[in-house]
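Chemist: Sequence:
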Amino acid sequence: KKEYSVKYPKREKAYAIIPHSAIPFESAAVGITYPSPDYEINRNANNRICLFEYVLSGEGEVLINGRWQTVTAGDYYILPSGTIHSYRSSHDNPWEKIWINYVSDYMPNMLKSYGINGGVYRSDKVWRYFEELLELTKETNLTDETAFKIADRLHRIVGIAAMQNIKAEEDDLGMKRIISSYVYKKLN
Numbered sequence: 008k009k010e011y012s013v014k015y016p017k018r019e020k021a022y023a024i025i026p027h028s029a030i031p032f033e034s035a036a037v038g039i040t041y042p043s044p045d046y047e048i049n050r051n052a053n054n055r056i057c058l059f060e061y062v063l064s065g066e067g068e069v070l071i072n073g074r075w076q077t078v079t080a081g082d083y084y085i086l087p088s089g090t091i092h093s094y095r096s097s098h099d100n101p102w103e104k105i106w107i108n109y110v111s112d113y114m115p116n117m118l119k120s121y122g123i124n125g126g127v128y129r130s131d132k133v134w135r136y137f138e139e140l141l142e143l144t145k146e147t148n149l150t151d152e153t154a155f156k157i158a159d160r161l162h163r164i165v166g167i168a169a170m171q172n173i174k175a176e177e178d179d180l181g182m183k184r185i186i187s188s189y190v191y192k193k194l195n
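Residue numbering for the sequence shown follows our numbering, starting at 8 and increasing by one per position.
Note that these hints are calculated values from the structure, not bench results. Computed from a predicted structure; not experimentally measured. We put the CB at the ideal spot given by N, CA and C, even for glycine. One thing to keep in mind: the hints can contain errors.
Restricting the straight-line Cα-Cα distance to at most 25 angstroms, the calculated cross-link-like pairs of lysine-lysine (PhoX-like) are [what the hints assert, rightly or not]: (1) Lys145 with Lys20; (2) Lys145 with Lys132; (3) Lys119 with Lys132; (4) Lys156 with Lys119; (5) Lys156 with Lys20; (6) Lys145 with Lys156; (7) Lys119 with Lys20; (8) Lys132 with Lys156.
Distance ranges between label pairs, derived from CB positions [unchecked claim]: (9) His162 with Asp99: 30 to 38 angstroms; (10) Arg74 with Asp151: 40 to 48 angstroms; (11) Asn172 with Ala80: 15 to 23 angstroms; (12) Glu142 with Pro42: 15 to 23 angstroms; (13) Trp134 with Thr77: 30 to 38 angstroms; (14) Trp75 with Thr150: 40 to 48 angstroms; (15) Val110 with Asn148: 16 to 24 angstroms; (16) Gly122 with Trp75: 28 to 36 angstroms; (17) Glu146 with Ala80: 22 to 30 angstroms; (18) His98 with Gly73: 30 to 38 angstroms; (19) Glu68 with Asp151: 22 to 30 angstroms; (20) Asn116 with Ser34: 29 to 37 angstroms; (21) Asn172 with Tyr113: 18 to 26 angstroms.
Can you build the whole structure from these sequences, using the hints too?
Modeler: See below:
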């Protein structure tokens, strides 16, 4: 059974990160995808890849928890391992994006502990961490210092997404309180 299907012309640059004792992952790759209207990736839920992607320009769609969501320049999304990974570029306005794919036993638990089970996010701060990761992985000699910088940037991206989840939950709770108060006043 095929784990994933890929449909795109070779319009990417990828850099592999060799496993390092200072950071807890088995393998990783960071790269950039250039605009291509036929770009599409589909991986089944048995995949071990944890995915982070930041859209630099253009737009596309990503399947999150069974629902297609549009992503545009400035959005980033996280797809944990063990979930379906389906995403595709727009035909009319294809995306350019920085991506991080890696296999790690600790990341699924970390994402879960932060309440991240796949989502689309937006932050004006996060793009620089994706760009720094892309630059860091171009280094041919993975030193301890570089390895820790890579881990730090990944954790910062996760932290920003977790804060956005908390803010969304607070907004939802606030709206529920407003509606409940309004209904209570109308009924009494």
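Chemist: Against the structure, test the hints numbered earlier, and report the numbers of the ones violated in rising order.
Modeler: Violated hints (numbers, rising): 7, 13, 16, 18, 19 and 20; every other hint is consistent with the structure.
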